[in-house]
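Q: Add chain B to chain A, keeping to what the hints say.
Going line by line, the protein sequences match chains A and B. Residue numbering for the first sequence follows the UniProt record's numbering, beginning at 1 and increasing consecutively. Residue numbering for the second sequence follows the UniProt record's numbering, beginning at 1 and increasing consecutively.
FYI, nobody ran anything at the bench for these hints, they're computed from the structure. There could be a bad hint or two in this list.
[Stated by the list, open to error] Under 8 Å between C-beta atoms, here's a sample of chain B residues computed to sit facing chain A:
1) G101
2) I103
3) N104
4) D105
5) D142
6) L144
7) S145
8) L146
9) A154
10) I160
11) S167
12) A241
[To be verified] Pulled a few chain B residues facing chain A out of the computed Cβ check, cut under 8 Å:
13) N143
14) I153
15) H165
16) S166
17) M239
Since the model is a prediction, treat every value here as computed from it, not as a measurement. Ideal placement from N, C-alpha and C gives every residue a C-beta, glycine not left out.
Below, each chain spelled out in residue letters.
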Amino acid sequence: MTMASIRTIAFWAAALLFSSCSQQQVESEPEVYSFQVPANFPQPVFDTHNPMSHQGIELGRKLFYDVRLSANNKVSCASCHQPQLAFTDGMQLSKAGVSGTALLRHAPAIFNLAWVNNGLFWDGGSTNLESQVFGPLTAHDEMAQNLYELVDELNAVPAFVSAFQNAFQEPVSSQNVAKALAQFQRSLVSAGSKYDRYRLNQTGGALTSDELAGLMLVRQKCQGCHTGELFTDQGYHNNGIDADFSNTEHEGLYTGRYRISYDLADLGKFKTPSLRNVALTAPYMHDGRFTSLEDVLDHYSAAVKPSATLDARLPASGLNLSAQEKKQIILFLHTLTDLGFTQNPDHHKPQNF
Amino acid sequence: MKRFLTFALAAALFSSCSDDDDNQIVTPVTPGEMSLTLDARIGNEDFALNKDFAVAGQTLNFNKLRYWVSNVVLVDTKGAEYKVPDSYFLMEEVSDLDLSGTINDKMTYPANKRETITLKNIPAGEYKTIKFGIGVDSKYNDNLSLRTGELTIANGMSNIAWMWHSSYLFTSVGGTVKKGADSKAFTAETGLNANYKTVSIDLPTPVNSSTSKGFVLNLDVIKVFDGIDVMANPAINAMTAPLMSTVSTNYATKAIIFGSEAK
Numbered sequence: 001m002t003m004a005s006i007r008t009i010a011f012w013a014a015a016l017l018f019s020s021c022s023q024q025q026v027e028s029e030p031e032v033y034s035f036q037v038p039a040n041f042p043q044p045v046f047d048t049h050n051p052m053s054h055q056g057i058e059l060g061r062k063l064f065y066d067v068r069l070s071a072n073n074k075v076s077c078a079s080c081h082q083p084q085l086a087f088t089d090g091m092q093l094s095k096a097g098v099s100g101t102a103l104l105r106h107a108p109a110i111f112n113l114a115w116v117n118n119g120l121f122w123d124g125g126s127t128n129l130e131s132q133v134f135g136p137l138t139a140h141d142e143m144a145q146n147l148y149e150l151v152d153e154l155n156a157v158p159a160f161v162s163a164f165q166n167a168f169q170e171p172v173s174s175q176n177v178a179k180a181l182a183q184f185q186r187s188l189v190s191a192g193s194k195y196d197r198y199r200l201n202q203t204g205g206a207l208t209s210d211e212l213a214g215l216m217l218v219r220q221k222c223q224g225c226h227t228g229e230l231f232t233d234q235g236y237h238n239n240g241i242d243a244d245f246s247n248t249e250h251e252g253l254y255t256g257r258y259r260i261s262y263d264l265a266d267l268g269k270f271k272t273p274s275l276r277n278v279a280l281t282a283p284y285m286h287d288g289r290f291t292s293l294e295d296v297l298d299h300y301s302a303a304v305k306p307s308a309t310l311d312a313r314l315p316a317s318g319l320n321l322s323a324q325e326k327k328q329i330i331l332f333l334h335t336l337t338d339l340g341f342t343q344n345p346d347h348h349k350p351q352n353f
Numbered sequence: 001m002k003r004f005l006t007f008a009l010a011a012a013l014f015s016s017c018s019d020d021d022d023n024q025i026v027t028p029v030t031p032g033e034m035s036l037t038l039d040a041r042i043g044n045e046d047f048a049l050n051k052d053f054a055v056a057g058q059t060l061n062f063n064k065l066r067y068w069v070s071n072v073v074l075v076d077t078k079g080a081e082y083k084v085p086d087s088y089f090l091m092e093e094v095s096d097l098d099l100s101g102t103i104n105d106k107m108t109y110p111a112n113k114r115e116t117i118t119l120k121n122i123p124a125g126e127y128k129t130i131k132f133g134i135g136v137d138s139k140y141n142d143n144l145s146l147r148t149g150e151l152t153i154a155n156g157m158s159n160i161a162w163m164w165h166s167s168y169l170f171t172s173v174g175g176t177v178k179k180g181a182d183s184k185a186f187t188a189e190t191g192l193n194a195n196y197k198t199v200s201i202d203l204p205t206p207v208n209s210s211t212s213k214g215f216v217l218n219l220d221v222i223k224v225f226d227g228i229d230v231m232a233n234p235a236i237n238a239m240t241a242p243l244m245s246t247v248s249t250n251y252a253t254k255a256i257i258f259g260s261e262a263k
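So here's chain B without its partners, still in its complex pose:
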């Protein structure tokens, strides 16, 4: 109860008003809703927390997967872009997270799974491409006092100490990795403006917004680590700039592919 209130409050305090002055917004004719799902997977299996996944001679067991999806854009068959206003969303699959010492000495963030976003007020049209950023663009990343969408410094996806220039963490995934008798905790975090990457997914056939419910994209978490030996590099963050850049590029170019139309 107390926890719930705190987080309802967090949502209200940190994101209740948008500060969006530079989006050109097409006024929808007959606005509709579409869903965007990012289905987390490990290869062909569904992603799950606290479950062993054997991959390439090692076993990965995850305790969190979190990332910001921002600036969603739908491109119609004529090439016109519809920018979804205030579109900053936290996607995540987490157990209870201890966030003590972030913006409060004692704080637990409740377990949550969120893979789907609802895009509202979509103008009727035939859409062929969906684009969005992984992370937070520099305008908001450089200024924690601006509010838009779900951005907040209260959920552990920001760093207000020095290492990240007082800005947001773009992505954060962690757990334990085992190889033979060896076992280690690992985390891969990304952030900093240079690592804000845009994903662009062409739909196999254009989708009509008035008849379609939306799209499912697949996020293969293993591809996030493409080219990286997790056992040898169990802590990826601002201190390991080249690895952080690899992880960011993997999210944008390798890990996310079209899945299906939403049913």
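Chain A on its own, in the form it takes in the complex:
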């Protein structure tokens, strides 16, 4: 830290001490954002003391794309969560972090997180978006950001100072960074696929006979876990991609949900990802091991590995799908692609920022 930045910090500490709790007669109140629940979706339940506002979401969007959030000012959240890929990165294990080393897990998609009520991350190790964000911000292999310097850096940008005031009527703070990012991410709703139009009897919603056959197969064979309109039960299952969970390296990273629950029944269980936009989110699984949907279907069909915690919904010998069934399932999975979501300019990097 330079002397100048110490001065800046001292100044802001003083500013914070003197102004943060007083009623400020400043700008207008943030405009309440009314979260629209898609007609075919369940009601989301989130109560994180972080009411969504248009200003909060817009600020979160700016932060999401801003490389100032990383130690070397080269990495943003979007380095690993790109909108056109439903906020994944197309990599098996990203090296986009500050350390340049490969992460140990594959970057999951970010959408419909307003419905996530049973833990974030592949093992559910984080409770909600407001707390989760401190993980990537500070992890040495992701953004490695010093949270004090972050506040300093954001305060150096007048547009941010006023954006924080407008969104929270408070100065820049790392807590408000977390809240804004959470609001933006919670606003990312994907419910505009061909499948949704089919469900809602809208024009452009006619499924072909193969797609319909695929839908029926998915309902029978997949929706025990990839449940309902969200195509996930938010639960943790062992879907048979591994059978040996004795590797306890990296603080139990390969043991799945077990490292959170310390319950042997959870060995090798990972969070069920949504199947929405899955045609855009290759490679697949928590370690990105499968490069194509064909590989995924080959796994479920004939390569399931039996173990003590293998989910009862999957026969130890696999689902034994015919070539045609696999093809139909994949055709159906493509109807879950929501280009209106991935191309929505409101979700992309803001202009002139």
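A: Coordinates of chain B only, in the frame set by chain A:
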């Protein structure tokens, strides 16, 4: 100087504003101040860092003792409760702590001893019971973006990685344990919502807030390990759930007793 600034800043950044919407606060008539001291001890001796304490055939030498005290409540003789607003306090006795890699690659937390809290704006009254939590209640524990009292993720009493569901460490005590020629480092950490425990201490005689300066409670650190062989279990944390639960219960039911009225 630099360090001091950083921590003054930490206090301002992470705790300057409270987010307390669900406390019903009695408006004090003639508000007063009272102190609450938690005097750390080892049996009858005063607790100290870097000092050998011989206990039950082994020698303990501590390098840190840290825990959150939260949601302080005073109960008056009629049974009415006064909830001290924004009461989240970090109690500690620590040498310089290396917190590198927590929220900053290089960071030292300066040595500190803090056993006393000042409870402000206490309504005048006769109080017979004091209650408080050890740790952080689920509303704040589950949400690191909320601010109240002294809660902060910047002092090493939180875990923003996976093991604790991105939440606070409730208590943390550590040092070295020796038995014969054997010597080991040990730490006992607690956290997770199920281990948030409330302590309730009845005062031997009711205390009048306008004449009394406050209370001293005794925290016997040895009782924190009641029923646990430290030599055999030198690392207590989320991975050792039953031991962590024992330690949490010990803090709440065994380790803290009434000491005296503050002078």
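Q: Now tell me if each hint is right for this structure.
A: Going down the list of hints, with the structure as the test:
1. G101: Holds. Min distance 7 Å.
2. I103: Holds: closest Cβ of chain A sits about 5 Å from B:I103, inside 8 Å.
3. N104: Holds: closest Cβ of chain A sits about 4 Å from B:N104, inside 8 Å.
4. D105: holds, 7 Å
5. D142: Given a least distance of 5 Å, the restraint on B:D142 holds.
6. L144: holds, 4 Å
7. S145: holds, 4 Å
8. L146: Hint on B:L146: holds, closest Cβ of chain A at ~6 Å, below 8 Å.
9. A154: holds, 7 Å
10. I160: holds, 4 Å
11. S167: holds, 7 Å
12. A241: For B:A241, the interface hint holds, since the closest Cβ of chain A sits about 6 Å away, which is under 8 Å.
13. N143: holds, 5 Å
14. I153: holds, 6 Å
15. H165: With Cβ-Cβ at 5 Å, under 8 Å, it holds.
16. S166: holds, 4 Å
17. M239: At about 6 Å, which falls below the 8 Å cut-off, the nearest Cβ of chain A leaves the hint on B:M239 intact, so it holds.
No hint from the list above goes unmet by this structure.
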